[in-house]
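Given the coordinates of chain A, assemble chain B onto it according to the supplied hints.
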Amino acid sequence: MNILIPAAVLAGIGFVLGFLIFIVEKYFHVEEDPHLDEVVELLPRYNCGACGFPGCKEMAAALLGKQSKPAQCGPLKKEAAEELQKYLDEYYKSKQ
Amino acid sequence: MNDLISLAFSAFIIENIILTQFLGICPFLGVSKKKSSALGMGMAVIFVIIMSSTITWVLYQYVLVTLKIEYLRTIIFILVIAALVQMVEIFLKKISPALYKALGIYLPLITTNCAVLGVAILNINNGYNFIEMLVYSTFISLGFLFVMYIFAMIREKLDYAPIPKAFRGTPIALIVAALLAMIFARFGGII
Chain A
1 MNILIPAAVL AGIGFVLGFL IFIVEKYFHV EEDPHLDEVV ELLPRYNCGA
51 CGFPGCKEMA AALLGKQSKP AQCGPLKKEA AEELQKYLDE YYKSKQ
Chain B
1 MNDLISLAFS AFIIENIILT QFLGICPFLG VSKKKSSALG MGMAVIFVII
51 MSSTITWVLY QYVLVTLKIE YLRTIIFILV IAALVQMVEI FLKKISPALY
101 KALGIYLPLI TTNCAVLGVA ILNINNGYNF IEMLVYSTFI SLGFLFVMYI
151 FAMIREKLDY APIPKAFRGT PIALIVAALL AMIFARFGGI I
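Residue numbers (our numbering), protein chains in the order written: chain A, 1 to 96; chain B, 1 to 191.
If we strip away everything but chain B, and leave its shape as in the complex, we get:
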């Protein structure tokens, strides 16, 4: 149990997918202008990461390892993630148009989000069992949501800050991201 708690904590903060592993930077910079859209993207990513890492883990352990064709994992994972996102999109459009509208373009964008493929591959590389895999993917995606949300809050405030003209917009966002990454790097030695 203690192992799982420390795994959850390290996935959430210490090994934060955006600020220490630098995966999923594209939505981090692209979809963090408004708190609501950051939240929407975070939710969509949580959903897709948990589903896709479960399916890819099972597929890897029971199909690829049994047939001794582990080298196919990257291409099969990409295939599974892309198809999954497509299905989730069609499904949501029918079941919950409100959520579909809120997620908008982010849902198809997740197909090419490297964080999703990254978590699927990290689960295999770190040799997690099923429970550990679930905990790790849940908390890594919660960490994604957490960082997206604080970054969006900062960026909303930045709109009112007296920033030199040349730094307005993306440049100041990149500087803030660098400062955040430095803060998160300090968590490195905790566990």
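This is chain A alone, in the form it adopts within the complex:
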């Protein structure tokens, strides 16, 4: 029976924390540019920092803002880079 106490405590803490995250997420939700996630999908998502940005998401934001080029990403494969370039060209065109 003793095993039930730690199990209950662990489950309780997990439940409380999960619920708190749910509440925080609900009240502090922020809408993001959907293009950002799509560009992140096209990047390798290693978060290696080889591009000079802290992570792939920052790199994606820089790509959308024309502050960086796909060639800056070290681990990006050649075919993937072409695909990314195609996506970005369309994005730049739609912006103009």
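Any given hint could be a false lead.
With a straight-line cut-off of 25 Å between C-alpha atoms, the simulated DMTMM-like cross-links for lysine to aspartate or glutamate are [what the hints assert, rightly or not]:
no., chain 1, residue 1, chain 2, residue 2
1, B, K93, A, E25
2, A, K95, A, E38
3, A, K93, A, E82
4, B, K94, A, E32
5, A, K69, B, E132
6, B, K93, A, D37
7, B, K33, B, E132
8, B, K34, A, E58
9, B, K94, A, E82
10, A, K57, B, E89
11, A, K69, A, D89
12, A, K78, A, E90
13, B, K101, A, E79
14, B, K101, A, E25
15, A, K69, B, D3
16, A, K66, A, D89
17, B, K35, A, E90
18, B, K93, A, E58
19, B, K93, A, E31
20, A, K57, A, E31
These aren't lab readings, by the way, just hints derived from the structure by calculation.
Chain B in isolation, oriented as in the chain A frame:
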């Protein structure tokens, strides 16, 4: 009061979390290429260490000890730290997008930063009371920021130094880190 000052000093320099306890080496090497990002990471770590060690200390003393289930502390601490970082991230994104952008990927990376869990466990192992715990976690995280910043300054200068090609980048950074650790080891006998 004297005890607290010596505790603060030893947490800051003598027991420096990176260079003498060797915790949090991953951000130390990974995020020290630029001074600004080292500063951002240091700030985020200060924030998370102080918050998480306060919560874990209270949880340990008042829940785990009362119920005599102290052996659960590692798993509960990890749970609390992970959830806390997640909440802080969502919170910052809404309240201060500028700070959120500056911290970027480092914020979620702190979840798996062993320095945070290390400080939470050291607070318990060393048997600190509430005030001592606060002083210790504050100064240990300030020590983290301090070492990150000097290391980033050195690494920025290293970019212009005439280093043999084979040593450029990470190898020379590791050598510098070893030299820094040797310097910090010399503080060992002060208190």
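Can you confirm whether the C-alpha distance between K78/A and E90/A stays at or below 25 Å? holds (19 Å)
Hint check: K101/B vs E79/A, CA-CA at most 25 Å. Holds or violated? Outside the cut-off at roughly 30 Å; violated.
Hinted pair K35/B and E90/A, Cα distance within 25 Å: Violated, because 36 Å separates the two Cα atoms, which is more than 25 Å.
Between K93/B and E58/A, is the straight-line Cα distance small enough, at 25 Å or below? holds (14 Å)
Tell me if the straight-line CA distance from K57/A to E31/A falls inside 25 Å. holds (15 Å)
What's the verdict on K69/A and D3/B, does the C-alpha distance respect the 25 Å limit or exceed it? Violated: K69/A and D3/B sit about 55 Å apart, past 25 Å.
For K93/A and E82/A, compute the direct alpha-carbon distance and say whether it is at most 25 Å. holds (16 Å)
For the pair supplied as a hint, K94/B and E32/A, is the alpha-carbon distance within the 25 Å limit? The hint holds at about 11 Å.
CA of K93/B to CA of E25/A, is that 25 Å or under? holds (10 Å)
Holds or violated: K95/A with E38/A, Cα cutoff 25 Å? This hinted pair holds, its Cα atoms lying about 16 Å apart.
Given hint E25/A paired with K101/B - CA-CA distance at most 25 Å: With a Cα-Cα distance of about 18 Å, the restraint between K101/B and E25/A holds, given a limit of 25 Å.
For the pair we were handed, K57/A and E89/B, check the Cα-Cα distance against 25 Å. holds (14 Å)
In summary, the numbered hints that this structure violates are 5, 7, 9, 13, 15, 17.
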